[in-house]
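Chemist: Based on the hints, put chain B in the right spot on chain A.
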Amino acid sequence: MNKEICRLLVVDDEAIVGKRLSQVFSKMGFEIETYTEPAGAMKAMAEKPFDVVVTDLKMDGMDGMEVLKRVRATNPRTQVIIITGYASPETAELAQQQGVFEFLVKPFRLDELKQAIFRALEQQKQGI
Amino acid sequence: MSEKPERESLSNLEQYYSNDGCPCLPLPRSIRGKLILSLLLISGLGILATLTTIYAMWRIEDKVRVIESFFELNQNVLEMRRYEKNYLLYNNREDLMSALDYIDQVRASIVTVKTSFPGSEEELQLFYDKELGTYESITRQLMAEEPLSRNKKVLKETLRTHGQDITKQVFDMDARARVRVEQQVVTYQKIGVLILFWAVLLGGVLIFFLVRWIMRPLKVIREAAAQIVQGKMDFIPTDEATHCSEEGLELINSLNMMLKALNNKQEQLVQSEKMAAVGKVSAGIAHEINNPLNNISLTAEVLLDEFSDEGNSERLEMIHDILTQSERARGVVHHLLTFSRSNKSNIRNKVDLVQLMDDSLTLLKNQLRIGGVNYDYDRPKYPVEIVGNAPQLQQVVVNMMLNAVQAMSAGGHLQLRVKIEKGEAIMTVCDTGDGISPEVLPHIFEPFLTTKSDGTGLGLSLSYGIVKDHQGKITVDSEVGHGTTFNIILPLEPARED
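For the record, the sequence lines run as chains A and B.
Straight run, no breaks: the first sequence in this note's numbering ends on number 138.
Straight run, no breaks: the second sequence in this note's numbering ends on number 501.
Okay, chain A solo, but in the shape it has when bound:
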């Protein structure tokens, strides 16, 4: 099996989120990059695609929905997980339509996110 390291991209305007997730997932063996604004994240995405993208919804500049759209457009293989404090049935519905893999509401348990990422990777591998 390909022992490729899974690449994880985290986009959240709160730096602390990126810091914590970085701690956790790099310890688990992921290659993780964190950004606090979407522009930088998109650039990184363009240079080298990621396997899973975890993004917040409400951010300055581009919002999470836009990130989702762009990622799904340019890299259909990449799975996107949205984590957000502003959840409503309407936004969840919209995200589903845009091809989001999972929609997590803050505050979430770390375990939930871990499980979601693993499932996303499964999905991705099967998608090949």
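No lab work stands behind these hints, which were simulated from the structure alone.
Treat the hints loosely; a few may be bogus.
Covered stretches of chain A, as calculated for chain B (at least 3 residues, CB under 8 Å) [said to hold, decoys possible]:
no., region
1, 19 to 30
2, 113 to 120
One-sided and incomplete, this derived list gives chain B residues near chain A with beta-carbon spacing under 10 Å [unchecked claim]:
no., residue
3, Asn298
4, Ile299
5, Ser300
6, Leu307
7, Asp308
8, Glu309
9, Asp312
10, Ile325
11, Ser329
12, Glu330
13, Ala332
14, Val335
15, Val336
Just so it is clear, CB atoms sit at the ideal spot from N, CA and C, and this is done for glycine as well.
Modeler: Chain B alone, transformed into the frame defined by chain A:
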């Protein structure tokens, strides 16, 4: 806040009897009373005038009779003198006899005059006896005398002289009688004019005062309304000007009551707008809290991960505590969000009422603790599901529980229950508070009705509406001093769509 109008009007009532425009007579205070009184007065005057006229007419009839009888007397005297003249000219004895006849006629006329002209009896009697008597005796003497005697000539002269006297006297009496009649007619005319004058004067005065009594309060109202619209005044003042009539005062009091009610409604509307705004702000704040909460629990979890292999159980326990507490905060925020979310949407789902009651309890646990209220939730072991809008139903339950807590200002016991009975789901919220009085009870579901100083009075009416939308009903049992029980009854089967 502006002054209360009651204080003012009380002191003014005392001044009622010493002011202008309202005389210190025991007049009826209402315009209606005054109108009736003045109409009675005017009618009275009218009747008086008519009676006077009738009386005057009746008396004039008498006068006419007097004049007629004098005319007759005059005529008879003239005839009598005609025959006298004839005799004096032609010496015909028959003329003399006719003259004698006419003397009797004259006598009869005098009697007629006497009856129709009271007050003249003496004079007439004198005339009757003396003058006519003398005339008659002369006439008889002439009849008895031999023709061509010297006496006869003298007698004839005397006759003529007397005749002339009689004529003159009768003429004088007639003239005097006429004058008297005319004077009396003039008197009647004067009385009539006088009555008319007083009637017109009184009418004018009454109209003036009536208009004033009606217009004064109206003027006050008009001026006050202008001021109120500009926001310079809160109510219409009741001073002496408006005390002149009951109706005016009543009108002003009614208007003031209406103003007060309108002000209340406006205040309550403003309050409910504030509540809506607060709801929106709460949602925003809730979201803002979620982010730091997330960061706290995330960091704690990572920490847990890092230290999981360390032996220090105390440290691990503390990290666990951080997680538990942020979990708890998360729960409250979740409830707040669910509760404050706009309830305009009508999404219908399966709602477990047992869980709903649980959630409401969680939301208000703190309120209950602060209020010194202990509670008991008689929850069934099975879920009680109906189809409805969960946030709206939660709003109803929370509203009732809040009311219960507020009714138990000195603490108490809150009994909650959910059960199924006869195909209906029943949620019960029962308190041991102040209770609702029988006068207020029929009206508690009316909007804007509140006994709280900070309430909008909308809670129960909104709840009623929501339950009704769910084809259910709310019943209430209450006893003053013992407590209140609200039962929310909802059908288990979804109702047929109309």
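Chemist: Each hint needs a verdict: does it hold in this structure or not?
Modeler: Do the hints match the structure? See the list:
1. Coverage of the region 19 to 30 of chain A by chain B holds. Counting CB-CB distances below 8 Å, 4 residues qualify, and the rule asks for three or more.
2. Using a Cβ-Cβ cut-off of 8 Å, 5 residues of the region 113 to 120 of chain A lie near chain B, which meets the minimum of three, so the contact claim holds.
3. A distance limit of 10 Å between C-beta atoms decides the matter here; for B:Asn298 the minimum to chain A is near 5 Å, and the interface restraint holds.
4. Using the Cβ-Cβ criterion of 10 Å, the hint placing B:Ile299 at the interface with chain A is satisfied: the shortest such distance is roughly 8 Å.
5. For B:Ser300, the suggested interface contact is upheld, since its CB lies about 5 Å from the closest CB of chain A, less than 10 Å.
6. With its C-beta approaching chain A no nearer than about 9 Å, B:Leu307 sits inside the 10 Å limit, and its interface hint holds.
7. Hint on B:Asp308 holds. Least Cβ distance to chain A is approximately 6 Å, under the 10 Å limit.
8. A hinted interface residue such as B:Glu309 counts as satisfied when its beta carbon comes closer than 10 Å to some beta carbon of chain A; here the least separation is about 8 Å, so the hint holds.
9. For B:Asp312, the interface hint is violated, since its Cβ never comes within 10 Å of a Cβ in chain A; the closest pair sits about 12 Å apart.
10. Contact between B:Ile325 and chain A, as hinted, is not supported at the beta carbon level, the nearest pair being about 12 Å apart and thus beyond 10 Å.
11. The interface hint given for B:Ser329 holds, since its Cβ lies 7 Å from the closest Cβ of chain A, which is under the 10 Å cut-off.
12. The criterion of a C-beta within 10 Å of any C-beta in chain A is met by B:Glu330, whose closest approach is roughly 8 Å, and the hint holds.
13. Proximity of B:Ala332 to chain A holds as hinted, the smallest CB-CB distance being about 9 Å (cut-off 10 Å).
14. Contact between B:Val335 and chain A, as hinted, is not supported at the beta carbon level, the nearest pair being about 12 Å apart and thus beyond 10 Å.
15. The interface hint given for B:Val336 holds, since its Cβ lies 9 Å from the closest Cβ of chain A, which is under the 10 Å cut-off.
The structure shown violates the earlier hints numbered 9, 10 and 14.
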